[in-house]
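**Student:** Go ahead and model the full structure; you've got the sequences and the hints to work with.
There are 2 protein chains.
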Amino acid sequence: LEVSGNEILQVYSRTDHSANVLASKLNTNFTFNLSDIETNADLYIISVSDDALEQMISQIRIKAGLVIHTSGFLSMDTLSQTSKNFGVLYPLQTFSISREIDMKSVPIFIEANTSINLKRIKEIAGQISDNVFEIDSDQRKKLHLAAVFACNFPNFMYSVAADLLGDAKLNFDILKPLIKETSEKVQDLEPIDAQTGPAIRGDERLIAAHIEMLNDYPAYQELYKAISKQINDYKKASK
Amino acid sequence: LEVSGNEILQVYSRTDHSANVLASKLNTNFTFNLSDIETNADLYIISVSDDALEQMISQIRIKAGLVIHTSGFLSMDTLSQTSKNFGVLYPLQTFSISREIDMKSVPIFIEANTSINLKRIKEIAGQISDNVFEIDSDQRKKLHLAAVFACNFPNFMYSVAADLLGDAKLNFDILKPLIKETSEKVQDLEPIDAQTGPAIRGDERLIAAHIEMLNDYPAYQELYKAISKQINDYKKASK
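Protein sequence lines, in the order shown, are assigned to chains A and B. When the letters of the first sequence are read in order and numbered with our numbering, they come out as residues 1 to 239. When the letters of the second sequence are read in order and numbered with our numbering, they come out as residues 1 to 239.
It is worth saying that the hints were derived from the structure and are not from the lab. Hints should not be assumed to be uniformly reliable.
Remember, identical chains collapse to one label, so a pair may be satisfied in a single copy or spanning two.
List time: in silico DMTMM-like cross-link candidates among lysine to aspartate or glutamate, alpha-carbon distance up to 25 Å [stated by the list, open to error]:
id	residue 1	residue 2
1	K122	E190
2	K176	D188
3	K141	D216
4	K235	D102
5	K169	D193
6	K84	D216
7	K235	D50
**Tutor:** Structure follows, in C-alpha cells:
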C-alpha cells in the first residue's frame, strides 16, 4: 500500500494484536520477530516506548536506511548503532485511542545526523503536519518535560475537580466551559497574565477556608497548599 | 438606560475610577458613598470581593428590593440582614480584562430565599446565559473549590511550562495545540480516561529523569514529585 506516495513494506509490533490491526489497515505484511525485519527499506520509523526502543536497537541491524524514532525524551544518538542515517520525528500531542486528532495542526519536532537526512525527515514531517520545527535532543527533552506540566498535570487537576464535584452531587459537565476558556486564554495571553483565583489575589481567608474544606481529602489538600504557595511565590518574584 | 428591558438606576463602586467607567458606559448616575445608594430599586446586584461584601452589607439597608450577590464562596444567608428578598447569581468563568467572553455559554448558578425570588433570578440569569442551574450554598462553595483545580491550577502549570521552555530557548507557542487538545479531550472523555504521561504509565525511569532535570528548579521539582505520586496513587485506587 502507498501512503502519501510512500510504499509501506512491513509492520513490526511486539504484540500480535496491534500488529494485526495496523498491518491489515495498511494492507501490508507484518512480523513480530525482530529478526524478520526487512533490511533494505529506505525508511524505518520506530514508535515504541523508550524502554522497548533501547531493547530493540541492540537487536536490529539496518543496511543504510534512514532510521527515526518518535520519542520526546531519548536523544537522537540512541539510534547511532542501527544505521549511519538516523534522526527524530517527535509529534507533540496527547493521544487517546478514542479521540481523532487533526494531525496538520500538531507540531512536529525533527532532528537528523546529517543535513541530507534532515531534509528527508522535513519532507516526511511536512506530509503529516503544517508545523514542523528543528530542535536538538536537549531542547526536545526539555520540551517533553514542559509538556508534562502543560498537559498531564492539568488533566489530573480536572480529575481532582471531578472528584470534588461528585461528592457535591454535581456533574463534571458544568466545569467544561471554564476548562475550555482557561486553555483558550493562554492562546492569546501569557499564562501569568491569565492567572486568576485566590492564590494570585493573595486571598488568605479564602485559601484557609478551601484548605479546611479539604480536610477529608488529605492528598488534594496537600496539592492545594503546595500549588497555592507557588502561585503566590511566583507573583512575588515577578513583581 | 435600559439593559435587556431593565432600567439601570445607579452604579455604586468603592473606587472612583471603576464607578466612572461603568456608569458612563451605562449612561446612568453613580455614587461611591454607601449612604447614597437608592433605597427603592427592585433589584440590587452586589458584585464585589467577599471581604468587601461583608463590610458593605452591614452598612446598607434596602426597603424590599431583591438583593443578590455573585460570589462563589459566600452563602446566600450573608445577605439576610439587607432585605427580606435575597439570592445568588454566580457565573462560573475566569474573567480577564483583555478577554471578551461569550456570556451565553457561561454556566450561571442561582439560589434564592423564596420561590418567587428564585423565579425572578432565573429570569435575570436567563437573559445573560443559556445555562442556568439551581444549586444551594453548600454545593456552590464546593463548585468554587473544584473550579480552582479546574482553572487556576492548570493555568499555573502553563506558567511553569512557559518557564521551562524559556530556559531551553523555545517559544511557549509550540505548546498551544497540546494545551488546547488537553482541554478539549475532557469535553468528551472522563478526565481519568484522558490521562496520559509518565505518571499514569508508571514510567519510573522517565519520572526519575524528569526529577533530575528539575534539580535547578526545586519548587517545580517538588510539584512534579507530588503530582506524579498522586496520579500514580489515583490509578492504583481506581483499579
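**Student:** At 25 Å max between alpha carbons, let me know whether K176 reaches D188 within a copy, between copies, both or neither.
**Tutor:** both (19 Å within a copy, 10 Å between copies)
**Student:** How would you label the pair K141, D216 (within, between, both, or neither) given a Cα cut-off of 25 Å?
**Tutor:** Between copies, since 15 Å is at most 25 Å while 38 Å is not.
**Student:** Have a look at K235 and D102 and pick one of within, between, both or neither, based on CA distance no larger than 25 Å.
**Tutor:** Neither. Shortest intra-copy (36 Å) and inter-copy (29 Å) distances fail the 25 Å Cα cut-off.
**Student:** One pair to classify: K169 and D193, alpha carbons no more than 25 Å apart. Within, between, both, or neither?
**Tutor:** The answer is between: 20 Å across copies meets 25 Å, while 33 Å in one copy does not.
**Student:** Could you place K84 and D216 in one of the four classes (within, between, both, neither) given a Cα distance threshold of 25 Å?
**Tutor:** Result: close neither inside a copy nor across copies, 58 Å intra and 36 Å inter.
**Student:** Give the relationship of K122 and E190 under a CA distance limit of 25 Å: within one copy only, between copies only, both, or neither.
**Tutor:** neither (30 Å within a copy, 36 Å between copies)
**Student:** At most 25 Å between CA atoms: does that hold for K235 and D50 within a copy, between copies, both, or neither?
**Tutor:** between (37 Å within a copy, 21 Å between copies)
Checked against the numbered hints above, the structure breaks hints 1, 4 and 6 and satisfies the rest.
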